[in-house]
Amino acid sequence: MTDHTDEQAPAAASFWRDPRKRAIVFQVIVLAIVLGLGAYIFHNTLHNLEKRGISTGFAFLHNEAGFGILFSLIPYDETYTFGRTFLVGLLNTLLVSAIGIVLATILGFIVGVARLSHNWIISRLANLYIEIFRNVPLLLQILFWYFAMLPLLPHPRQSLAFEGGIFLNRRGLYLPAPVAEPGFGWVLVTLGLVIAAVVVLRRWAHRRQEATWQIFPVFWTSLALLIGLPLLSYGLLGAPLDWDYPALKGFNFQGGMTVIPELVALAIALAIYTAAYIAEIVRSGIQSVSHGQTEAAYALGLKRGTTLRLVIIPQAMRVIIPQLTSQYLNLTKNSSLAPAIGYPDLVAVFAGTTLNQTGQAVEIIAMTMGVYLTLSLTISAFMNWYNKRMALVER
Amino acid sequence: MTDRKTHPASEEIPAVQLQGVHKWYGEFHVLKNINMDVARGERIVICGPSGSGKSTMIRCINRLEEHQKGHIVVDGTELTSDVKNIEQIRREVGMVFQHFNLFPHLTVLENCTLAPIWVRKMPKAKAEEIAMHFLEKVRIPEQASKFPGQLSGGQQQRVAIARSLCMNPAIMLFDEPTSALDPEMIKEVLDTMIELAETGMTMLCVTHEMGFAKTVANRVVFMDGGEIIETNDPHAFFDNPQHERTQLFLSQVLQH
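Top to bottom, those sequences are chains L and F.
Here my numbering is used: position 225 in the first sequence is 225, and no number is missing along the way.
Here my numbering is used: position 9 in the second sequence is 9, and no number is missing along the way.
Treat each hint with caution, since some may be false.
What the hints assert, rightly or not - Partial chain F-side listing against chain L, Cβ under 10 Å, derived:
hint, residue
1, ARG63
2, HIS99
3, PRO104
Just so you know, the hints here were simulated from the structure itself, not pulled from any lab data.
Think of the CB as a built atom: it goes at the ideal place given N, C-alpha and C, for glycine as much as any other residue.
In isolation and in its complexed conformation, chain L is listed as follows (with noise of 0.2 Å):
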């Protein structure tokens, strides 16, 4: 009957006693001592940089380069600047790391359902498959397919040529480059409307399926028409494509398009060593969909593949994308090996030799660990999205 406040709101536990308390100033002086360090760590750089003569800040991105690069998706020469180099170098890690990461997958998955066949060899085919090229350093199987076997192809003088003006040798493989002239816009529009049409057919094609169960050759009738229209129009304007075809002159090939070796070896390295792991990946997601699934599908008289693709790979998905997404995020980095075969990517390029010529080490490292940072970043927002999409709605 007396001391109903003190009863509701007990009385407060002295400073030193009640954690919440306790745990704001823990994090004040830990958040004060982390930006005393910091900026005595750049006052110390800036200092040091200064003393030496070395100036700082990002000006140097427009000086003129003054070097070469093996091998660009955009115009570039010695007298484009060093911030060309970077987009320059970033081009050629994103490509290796594209081409990579889509290898890897179908590879990966192949692998890994051929590890469950039934058929013996098969499996132990896989096995041995994973067995190895988890095993052996991703460094040496990148010198391995460079130094050993892209060297078991041919000189330039004795390529091996292919129908339409390809050659393989072992300073890469050139394609005839399409040059477009006059008029060929209007294949490009053609493409266009061709593919809006055919995602507006699959879309009806799908329904009509839904309501009648009559199939409709899609896949075949997309091929046509994504195949067939542009052609068309490619004839009806008289050809307007002309192709410059890779010729020997001298000691190598001039003209058309090349796949430089370096960049052949790095891909097929980067997804050879991925896809075992991705196989194992793949494997286990399977395996982790009960058999009482695959037993409810047969006794229901569904097929072998429409099992799996219906009942247990939609159900393994989300198990295999999260492993998926931190497989793809190393592959990426695992692109920064490039400079161990020449191959100039953002790290041979930008960290390497532009760091050598203007000595911005702070600025370049820091652009560089940015680049890897937002392109990890970026995948994994990418396959958090799509883990959403196929994750298992339960409840």
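Based on the hints, put chain F in the right spot on chain L.
Frame of chain L; chain F shown alone:
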């Protein structure tokens, strides 16, 4: 629950015929010379101690297990390693599992329409209509858009029964359908099975529910050690078991 087209000779062909069926798991002889004929519309309860081979036997009928010797003829089609035969028989034979085995990534309705759409090539609207019909029969139409994980065990098992019935099977196999259920949910599943029996469905049930056996079964089959020990009509089976092992089993089961 729906009319089945019966061809003239079908009255004479038994729904299921097992002749001299043997099966081994490695060295272990699971099924020893099983002979049994199940007539159309007959309801058979199979019981026996665990490890007696009763589940294995009914799983041989839709080839979830392979028998190594003897003949199994289902609905006039012999089970061989021919994939065509196996697929045909699986289309005509429904199965309900102890652990329901619903597809957790699909809704209740999608669970029911998956096989009619992909196996029977049925238009989606028609498959959904049939699915709703059977979901009403098992008294859970209101759960159609939920996922299996949101349902109780009893509800899940009723969905599993509806899912099988959507394929319009000639024969239904039940593999201990109530063994994984909480006691208060057993009744709702058994009631559904009794209603199904009243429609004249051919049923083979592996179960320990002796009350169900008494109400529904035409015959009770007792198995032990991979053999059929005794087959009898339910009253004779429970009141006057012939075999010593049957007496022992019944005394253990009926105590509870």
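Handout entry: Structure versus earlier hints, numbers of those that do not hold, lowest first
Key = As far as the earlier hints go, not one is violated by this structure.
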